[in-house]
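There are 2 protein chains.
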Amino acid sequence: MSGTLIGVGLGPGDPDLMTLAAVRAIGGAQVVAYPALPATPSFARSIAAAHIAPGAYEIVIEVPMTRAREPAQAAYDLGAERISEALSSGSDVAVLCEGDPLFYGSFMYLHARLAPRFATRIIPGVTSVTASAARAAIPLTARNEVLTVIPGPLPSAEMAARIEAADAVAIMKVGRHLSRIRDVLSTMGLAARATYVERATLAEERILPLSEAPDPAPYFSMILVTKGADPWL
Amino acid sequence: MSGTLIGVGLGPGDPDLMTLAAVRAIGGAQVVAYPALPATPSFARSIAAAHIAPGAYEIVIEVPMTRAREPAQAAYDLGAERISEALSSGSDVAVLCEGDPLFYGSFMYLHARLAPRFATRIIPGVTSVTASAARAAIPLTARNEVLTVIPGPLPSAEMAARIEAADAVAIMKVGRHLSRIRDVLSTMGLAARATYVERATLAEERILPLSEAPDPAPYFSMILVTKGADPWL
Chain A
214 MSGTLIGVGL
224 GPGDPDLMTL
234 AAVRAIGGAQ
244 VVAYPALPAT
254 PSFARSIAAA
264 HIAPGAYEIV
274 IEVPMTRARE
284 PAQAAYDLGA
294 ERISEALSSG
304 SDVAVLCEGD
314 PLFYGSFMYL
324 HARLAPRFAT
334 RIIPGVTSVT
344 ASAARAAIPL
354 TARNEVLTVI
364 PGPLPSAEMA
374 ARIEAADAVA
384 IMKVGRHLSR
394 IRDVLSTMGL
404 AARATYVERA
414 TLAEERILPL
424 SEAPDPAPYF
434 SMILVTKGAD
444 PWL
Chain B
214 MSGTLIGVGL
224 GPGDPDLMTL
234 AAVRAIGGAQ
244 VVAYPALPAT
254 PSFARSIAAA
264 HIAPGAYEIV
274 IEVPMTRARE
284 PAQAAYDLGA
294 ERISEALSSG
304 SDVAVLCEGD
314 PLFYGSFMYL
324 HARLAPRFAT
334 RIIPGVTSVT
344 ASAARAAIPL
354 TARNEVLTVI
364 PGPLPSAEMA
374 ARIEAADAVA
384 IMKVGRHLSR
394 IRDVLSTMGL
404 AARATYVERA
414 TLAEERILPL
424 SEAPDPAPYF
434 SMILVTKGAD
444 PWL
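From first to last, the protein sequence lines are chains A and B. Numbering-wise (the numbering used here), the first sequence opens with residue 214 and increments by one. Numbering-wise (the numbering used here), the second sequence opens with residue 214 and increments by one.
Just so you know, the hints here were simulated from the structure itself, not pulled from any lab data. Certain hints may be false.
Where chains are identical, the list cannot tell them apart; a pair therefore holds if satisfied intra-copy or between any two copies.
With a straight-line Cα cutoff of 20 Å, these simulated SDA-like cross-link-like pairs (lysine to any residue) come out [as the list claims (entries may be wrong)]:
(1) Lys440 to Asp229
(2) Lys440 to Ala325
(3) Lys440 to Asp380
(4) Lys440 to Ser215
(5) Lys440 to Glu294
(6) Lys440 to Ala378
The task is simple: from the sequences and hints, build the whole structure.
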């Protein structure tokens with residue numbers, strides 16, 4: 214009898230923002246797997262650490278940060294193969310996922326490789342979008358408003374069109390794109406409505422008006438823009 | 214010394230999808246407040262029930278479902294007044310919020326009325342968007358893809374434009390708009406890529422191809438459309 218593949222959303226970083234289901238799945242898994250940059254401690258593992266069962270076997274999936282897809286593909290191939298061996302031997306495998314497994318998460322690459330052959334369960338997590346809004350106390354959307362989530366690397370013209378068409382915007386993965394994004398928002402007259410949130414819910418968290426944001430920003434940073442949801446109703 | 218207003222995201226409905234922080238905040242609050250439709254059990258309270266402290270005082274905010282804003286405004290005015298009295302007397306007040314407090318949540322109306330006068334904390338929650346994707350095992354977004362969240366009542370032409378401009382779409386609050394939304398997606402050639410999710414994570418959950426969705430749908434239903442994130446990388 215094979216084990217179950219469990220994609221576990223861990224939330225944005227504060228371990229207290231893990232769900233009860235996540236904590237239980239992690240503690241009950243004989244095997245945990247997680248991505249890590251080469252020679253770097255895994256952020257996902259650091260969130261879940263207190264709940265990993267003593268003696269659990271750990272599969273580290275080292276994913277190189279390259280523009281070319283092949284090295285990452287090879288890493289997921291190898292990770293899926295190792296997870297497959299554990300599942301085949303009857304162990305449940307909890308894959309630790311920052312945020313939510315299916316929202317800009319690498320879990321989907323493992324899921325595509327393994328779900329055709331093994332029982333699978335996915336536990337959703339708190340995303341960095343609502344976590345950043347909560348920390349900055351910014352109401353995102355009400356009533357019939359549209360929220361759009363935009364990755365920072367999107368080209369400026371396309372980004373501007375997406376921002377124009379939404380009532381609230383979360384721009385993720387800001388990183389080295391910060392000054393370009395700031396220019397886009399300034400041109401649109403929205404810079405003053407933009408808030409920069411870095412490493413939301415972690416000890417190093419910073420929340421600043423966009424005009425005071427560091428350039429370049431770290432990868433785990435976000436810009437929230439709201440056009441004026443009426444918070445009073 | 215006044216108490217703290219705590220907006221507590223409860224997640225999509227399964228009590229196991231509450232966060233550790235939410236459980237702790239609910240259990241530690243001398244007062245809990247929550248919205249309810251008149252003469253209807255509160256969905257928010259039902260999620261949190263097991264964690265409410267014995268003897269906690271409960272403030273029910275009865276919000277009438279009307280098109281006119283005034284009756285709801287009056288309900289939030291009254292609710293904020295009662296919460297304000299509890300906070301002023303030194304009690305912490307946990308406001309129970311389905312999903313996430315600032316993502317289509319009524320908490321923002323209480324926050325607008327009370328945050329200027331009281332210490333406030335907001336605990337984000339798992340949204341129905343990622344919960345529905347997890348239950349349907351649909352990868353939402355990868356890499357530089359754009360996700361747009363659209364309320365079902367949005368007029369068809371505007372809805373079509375928003376869908377056109379996104380890589381993945383979550384259409385919320387489907388309800389009586391189901392057949393109209395289905396027409397929009399059919400015209401765009403996207404109906405076959407759409408999945409209907411009703412009451413995600415609850416015992417009554419239903420996940421169906423859009424073509425088999427009930428019409429009208431209940432309020433707590435969603436349509437997920439993805440245009441083909443490459444789940445294999």
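Now for the hints, and whether the structure bears them out:
Proximity of lysine 440 to aspartate 229 under the C-alpha cut-off of 20 Å is found in neither arrangement, the shortest distances being 31 Å within a copy and 34 Å between copies. In this assembly of identical chains, the alpha carbons of lysine 440 and alanine 325 lie at most 20 Å apart only when taken from different copies (16 Å versus 38 Å within one copy). Within a single copy, lysine 440 and aspartate 380 get their C-alpha atoms as close as 6 Å, which meets the 20 Å cut-off; across copies the closest is 22 Å, which misses it. Taking the shortest alpha-carbon separations for lysine 440 and serine 215, neither the intra-copy value of 50 Å nor the inter-copy value of 32 Å comes in at or below 20 Å.
In this homomeric assembly, lysine 440 and glutamate 294 never come within 20 Å of each other (Cα to Cα): the closest approach is 47 Å inside a single copy and 28 Å across copies. For the identical chains of this complex, lysine 440 and alanine 378 are neighbours both inside a copy (11 Å) and across copies (19 Å), given an alpha-carbon limit of 20 Å.
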